[in-house]
Structures are given as C-alpha cells and as structure tokens.
Amino acid sequence: MTGERLNDVSGDVSGDVSSDVSDVSGEVSTAGATVAGDRVEPEAPVGAAVPRDEPGGQVDTKPRNNRAWFLVLPVVVSVAFTAVIPLMTVVNFSVQDIFSPTDRIFVGLDWFRAVTRDPEVHAAFVRTLLFSAQVLLLEIPLGVAIAVAMPRRGLGVPVALVLVALPLLIPWNVVGTIWQIFARGDIGLGGWTVNNVLGVNFNYTLDSTDAWITVLIMDVWHWTPLVALLAYAGLRSIPEPYFQAAQIDAASGWATFRHIQLPRLRGVLTIAILLRFMDSFMIYTEPFVVTGGGPGNATSFLSILLSKIAVGQFDLGPAGAFSLLYFLTVQIVSYVFFTVLTRTGR
Amino acid sequence: MLEWMVWTPPTALVFIGLGLLLAGMAVWAKISPPVARRGFLRIETDRGDRLYIGLISAAVVLTVWIAVTDLSMWLALGCALLVALVIGIWG
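Going line by line, the protein sequences match chains A and B.
Residue 197 in full-length UniProt numbering sits at position 197 of the first sequence, and the numbers go up by one each step.
Residue 65 in full-length UniProt numbering sits at position 65 of the second sequence, and the numbers go up by one each step.
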C-alpha cells in the first residue's frame, strides 16, 4: 500500500503531491520526497520503490558492464611511473643512510625521529600552515567577489575574462622575478610607492614582516584569478529562473548572493579551496625567487626547508622522511576539506 | 631496478602487505559489495573509506609517537593497528 502511494508521488509530481505525502506517516514521507526529488524511476514495478531508499544503504543487484574501467589503464600506468614508484623510492630513502647506491646502511626510523623533533621543521610547519590559512582567507572571498562583480553578458565578458586570467599565464619563477623587482624600495614601482608616497618604511630584504607580506600579496595576485574563474563558471551555470524568482520576491542583492549564488558555488569552491590549499602549502618557486626563504627564516616554508635538506645538503634520508610527513599532512587536510564540503548534509 | 629504488626488506614487506591488502579488498568487494553506513565518525563511509581513514590515522599515531616518546615502536604499531581496527569496525 505504501509502495503504491510512493509510486503515485513519483509518477504525478506536479499534481496532488502535498496531499499524498501528508497522508502517509512521517518516516515514509521523507522517503517519498526523495523518490519525488531526484530518483524518479517510472519503470520501477509497484512496491519496488520502498527498499531502494532504506536508511541502511542501497543494495543494487542490477548487473553492470564495468569494462569501461579499462580505459583508465593508461592513467594508472602513467601515475604508477610518475608518482607511485618515486614515492616508494622515497620510502626506501627514508629508512637508510645512503652514501652511494651500493654503500648504504639501514637505520630504521631514526630519520623520522630526527625530523619530527627538529625545531626548525616545527617552525617551518607552523609558518606554512599560517601562510595557507591566510591565502585561503584572502583569496576565496576575494575571488568570489570578483566573480560576482564580473559582467554576465556583452563585450565585457571576454575583456574581463582575459584581464582576470592574465596572472595565471605567467610562469611561477617569472612571477617571482616580477615581484622581486616590483616590491623593491629603490627601483620597484610598488616598493617605491609604499616608501615615498605612503611614507611607510618597507624593505622586504631586511624586515621579516615585509617579506611575509610581499610573498602573501604575490600569491594573492597570482592565484585569486583561479578562484575567480572557477567561481565565475559556477555562477554562470545557475539557471536564470532562480534570479527571476528572487526578483519577484524582491530579494536584496545580498539575499540573492547568500541564498542562491553561494549555495550553488559549493562544488567549485570545494575544488578552489582544495587547489589553493595544496598549492599554497607546497609553495616553493615564488618565495625562493623573491626572498630565498629569508630574511633569516621568515619565509622559509616547508618546501624551501625540504629542498635545502634534499638538494642543498643532499641528505636523502632525512629528506625522504620529511617528504613522507609532508605528504601525510597534505593528504589529511585535503581529505578533511573534501569530506566536510561534500559529505555534510547527506 | 631494485638497486635504483634502493629497496630494503622491511619496506618491501610493507609495500607487499599494502598491495595484498588492496587486492584483498578488491576481491572482497567483488564477493560482497560494500555497503555505505554511518558510524562514530558521523560521515557515510563504506569499508574502503574506513580502511583509508584507518591507515591515515595509524600513520598519524606512529608519527606522534615517534615525535614525543622513546618507547618501543612495536608498542606504537600495536596502538596504530588498534586505532585502524576500531575505525574499520565502528567508524
């Protein structure tokens, strides 16, 4: 009897749904709503609609052809060669003291012990987390604001797109070089303006706060466009009737943004946050070019410290252990972000 | 190849174990497809998700252990496996 009623709901969505749903008991009416919402299956036999959406999960016994998965094989092979095998090699490095390929000593977990207790590593870790947090706090709202402000039609669209996308086209080390000169107090336009027009003493080669601000603004300049473009794509995919409905309800601009645009941006913002977190947490080239990690240790992020150990000192063991812990951190934070943003409300 | 990747017996065993674990999970999924449910982690997970979360949590336990104490790492491994098991069963 319940099955019949649910089938009714899925078949006749526009008609007397409300009366039908309100008839049945509370628990079933939620299931009915799901059926009426996005899992309408007109060919399902009467009575089959109920077990599909049991809270315990769905048991789907329909036979499926999974051969399309073989198309993923090239990716699997290339990832194996570019990521898995190198990662395994790094794991092997991390438990040995290596002098040459034939002359190496197994040291167990000593490198991990050394790296996890190194104050320099702790400081770089905190610094990098702080940098990533600031990057996200600045770039995500700013990117969304730019996307909302960008024109939706007309000649303005291509012009705005090209202007916004310009910083993304510049290679990392060139961005570093541009900012290294731009922020200089003597010949750089930005640095000179801050020093002589605003009257603030600004010198990123001597002052650690100035160096931090320079790197941060450089990252915002370079990567906010990515957030803006993603958010713009997300905004463009919202159907026009939503805005018309908002207009009919006389919703304010803020209300439209808060209740229509922002919820619809969830997917693209998930990707934007993940990309920006991972990229900023692994930032290397720009601070390397602009400050070289200095002054002192002020901008020596994890990757800069790591490359100093791995390439500068050629300590493969500690560098391997460091890399694995670095990788673990990125994994955890990305997974938590992804889970929170995609699984809440399910 | 083996010289280039500078293998050691312990790391080889770990990776063989991981490979067998993944293969075993694939076979298990073929025999009885995983069912998503909600445990004390408060998110919907199937057993593959819980395996991943469990392994990552085990790695965190090992890392924190080695960072703060000089007690035996075998004890740490025991704790890590226990955490992974708890997440796998009730997570």
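It is possible that part of the hints are untrue.
Stated by the list, open to error - Derived Cβ-Cβ restraints for the label pairs, each shown as a range: (1) 64/B with 248/A: 53 to 59 Å; (2) 274/A with 44/B: 46 to 52 Å; (3) 249/A with 64/B: 34 to 40 Å; (4) 120/A with 38/B: 25 to 31 Å; (5) 192/A with 79/B: 55 to 61 Å; (6) 48/B with 157/A: 40 to 46 Å.
To be verified - Selected chain B positions facing chain A (in silico; Cβ < 8 Å): (7) 3; (8) 19; (9) 66.
No lab work stands behind these hints: they were computed from the structure.
Quantities reported herein were computed from a predicted structural model and do not represent experimental measurements.
Heads up, the beta-carbon is just placed ideally off N, CA and C, and yes, glycines get one too.
Against the structure, the hints:
With their beta carbons about 56 Å apart, residue 64/B and residue 248/A fall inside the hinted range of 53 to 59 Å. Remark: the range hint 46 to 52 Å for residue 274/A to residue 44/B is contradicted by a beta-carbon distance near 20 Å. Between residue 249/A and residue 64/B the beta carbon distance is about 52 Å. The supplied range of 34 to 40 Å is therefore violated. Residue 120/A and residue 38/B have their C-beta atoms about 42 Å apart, which leaves the hinted 25 to 31 Å range violated.
For the pair residue 192/A and residue 79/B, the supplied restraint of 55 to 61 Å holds, since their beta-carbon distance comes to about 58 Å. Between residue 48/B and residue 157/A, the C-beta spacing of about 43 Å keeps the proposed range 40 to 46 Å intact. Nearest Cβ of chain A to the Cβ of residue 3/B: about 6 Å, under the 8 Å cut. The hint holds. Annotation: residue 19/B was flagged as interfacial toward chain A, and the flag is violated, the nearest CB pair being 11 Å apart, outside 8 Å.
Contact between residue 66/B and chain A, as hinted, is supported at the beta carbon level, the nearest pair being about 5 Å apart and thus within 8 Å.
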